[in-house]
Amino acid sequence: MSYLPYAVAAWLFLVGLAGVATSKNLIHLAVCLTVTQSASYVLLLTVGYVKHGNAPIFKGIPLGAPAVDPVVQALTLTDVVVSVVVVALILALALDAHRLSGTVDPDGIADISG
Amino acid sequence: MTRRVRIALLAPALLGLGTLFAWAIAGLPPFGEYRGPYGFVLNQIVVPLRHTTNVVMATTFDVRGIDTMGEEFILYASVLGVTLLLRDETGARQVERNTRRLRDDTVRLVGVLMVGGGLLVGLWLVAFGYITPGGGFPGGVVLAGAILVLYLIGSHRDYRPFRNEHVLDPLEGIGTGGYVVVGLAALVGGLAFLTNLFGFGQTGTLASGGSIGILNAAAGIAVTIAMLLLFAEFLETYVVPLEPEDVGS
Amino acid sequence: MTVAATLVPLQAVVFALVVLGAPLVVLTRDPLRQALVNGVYGVSLVLLFVVLAAPDPALSMLVVSGIAYPLVILAAIARSRGERRRPKELGDD
Chain S
1 MSYLPYAVAA WLFLVGLAGV ATSKNLIHLA VCLTVTQSAS YVLLLTVGYV
51 KHGNAPIFKG IPLGAPAVDP VVQALTLTDV VVSVVVVALI LALALDAHRL
101 SGTVDPDGIA DISG
Chain E
1 MTRRVRIALL APALLGLGTL FAWAIAGLPP FGEYRGPYGF VLNQIVVPLR
51 HTTNVVMATT FDVRGIDTMG EEFILYASVL GVTLLLRDET GARQVERNTR
101 RLRDDTVRLV GVLMVGGGLL VGLWLVAFGY ITPGGGFPGG VVLAGAILVL
151 YLIGSHRDYR PFRNEHVLDP LEGIGTGGYV VVGLAALVGG LAFLTNLFGF
201 GQTGTLASGG SIGILNAAAG IAVTIAMLLL FAEFLETYVV PLEPEDVGS
Chain Z
1 MTVAATLVPL QAVVFALVVL GAPLVVLTRD PLRQALVNGV YGVSLVLLFV
51 VLAAPDPALS MLVVSGIAYP LVILAAIARS RGERRRPKEL GDD
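Residue numbers (the working numbering), protein chains in the order written: chain S, 1 to 114; chain E, 1 to 249; chain Z, 1 to 93.
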C-alpha cells in the first residue's frame, strides 16, 4: 500500500500515452504529452520524499531538521520550465504540418511531400 | 500504420508497459523511506559550505551545475527550432498590427496593475532565488508573463520593444552564454569547470553563495528572453498584405 | 495494510485529485477546452508538489501552467484556425 504513489506516476504515464496514441488532433496530442511528462515529475518527487520531512530550505528552520531530497527537486524544477519550450516546439511542428497539409489530424497528414 | 491497427496495438502495449512498471516499482523503497545518502549529505553540508539557505537552488547551480547548463541549452535549441519552423521562407507574411486598444478602462486598469505586480514578483523571485523558494526559472516565466499582459492590454506600439529580435537575440545569448562564461572563468584559474570561486558571504543574505547568484541571474535572463521569443514567434499571425490606409496605430 | 498508515490523509486526497485529473485532460478532445482542463490539472499538480514538501517545483509548475502553457496552446489553436480564413474576413478587423 505504500507503493501507491509510484503507481500514480505509472498511471499518469499510461494515461498520457493512451491519449497520444488515440488522438485525432495534433494540438490535443501535445497536451496529452504534458500529462506524460507530469508522470516523471511525480515519480521523481515521490522517490525523494522523506516521511514528515521539511522542504530543503533552511531559512527559519534549524539545520539538522529532517528534510526531503533536494536533488530530485532541482531536476524537477528545471524540467518543468524547459518542457514548456519543448511542447512549444512540438506545437510548432504541428502548425507546420497544418500549413503544408491543411489539417491537424495526425492520420490526415500522411501524404505531404516536399 | 492506420488508426485501427494503432489502437489495436495499444492495449497489449500498455499492458506490457504496465507490467514493467509494476516490476520496477516493486524494487523501490516504500514511499517516505528515502534511503540514498546523497540527499542527506547535501542537506547537511551545503548550507555551511556555500552559505545559501535554499539547498535546491544550490544543487541546481552549484552541485549539479552541469545539468542546468544542459537544460539551458535544451531551452535555447527549442527556441531556435520554433523560430526556424514558424518563419515562412516564401516571404509573404506580414506582422499583424494590433491597432485596437482595449476599450474597457477597468480591464486596462487591472492589466496595468498586473504588469507592475508581475514585474515586481518576477524580479523578487529571481533575485532571492537562492535564499527562499523561487529561482531564475519560475521568476523568468513570471517576468515574461508580465510583459505579455502588456501585449494583451496595450497597442502594438507598447509591445513592440519586447518583440524586437535584434534586442532579444543578443540578450538570450548573454543569458545562456553567461552561464558558460562563468564556468570557463574557473577553468582559467586552474580549477574544474563551474567551480564556485567567488566569496561566499553571509548565510541568508543576498550576498551569499558566490557564483550561484550570478548563474541564477543568467538563468533568469535566459528563461525570460526565451519565453519572450517564443511568444513573439507564436503571436505573429499570417495576414494578407495590409492596405496602406490600414497601417499605423 | 491501510493506506493511512503511511500517507497523511491530505496527501491521499491530493493524489486522488491528480489521478482523476489526468484522464479528464486526455478525454477532453477539443483543444480549446483541453487548455482549460490542463490548467486545472496543473493546479492539482501544484497542490501535490506542495504536500510533498517541494516548494520550488510547485512555484515553477504554478507559473508554467498558469502563464506559459495556456499561452502556447491558445496561440497554436488560433494559428491553426486563422490560416483557413478568407482574406476579406481578416480585413474587417
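No lab work stands behind these hints, which were simulated from the structure alone. Here the structure is a predicted model, which means the values were calculated and not measured. Glycine included, every Cβ here is placed at the ideal spot set by N, Cα and C. One or more hints might be untrue.
[Said to hold, decoys possible] With beta-carbon atoms standing in for the labels, derived distance ranges:
id	chain 1	residue 1	chain 2	residue 2	range
1	E	Leu-84	S	Asp-105	46 to 52 angstroms
2	E	Leu-28	Z	Pro-70	17 to 23 angstroms
3	Z	Arg-81	E	Pro-29	30 to 36 angstroms
[What the hints assert, rightly or not] Among chain E residues calculated to face chain Z with C-beta under 8 angstroms, some are:
id	residue
4	Phe-128
5	Pro-133
6	Gly-145
Inset, instruction - Double-check Gly-145 of chain E for me: the hint is only fine if its C-beta lies closer than 8 angstroms to a C-beta in chain Z. - result: Holds, about 4 angstroms.
Inset, instruction - With 17 to 23 angstroms as the target window, see if Leu-28 of chain E and Pro-70 of chain Z comply at their CB atoms. - result: violated, 34 angstroms
Legend entry - Per-residue hint verdict: Pro-133 of chain E, partner chain Z, C-beta under 8 angstroms: holds, 4 angstroms
Legend entry - CB-CB spacing for Asp-105 of chain S and Leu-84 of chain E relative to the 46 to 52 angstroms hint: violated, 24 angstroms
Inset, instruction - Just tell me: holds or violated, for the beta carbon distance of Arg-81 of chain Z and Pro-29 of chain E against 30 to 36 angstroms? - result: violated, 49 angstroms
Inset, instruction - Classify the hint on Phe-128 of chain E as holds or violated, based on whether any CB of chain Z lies nearer than 8 angstroms to its CB. - result: violated, 12 angstroms
In terms of the numbered hints stated before, the structure departs from hints 1, 2, 3 and 4, listed from lowest to highest.
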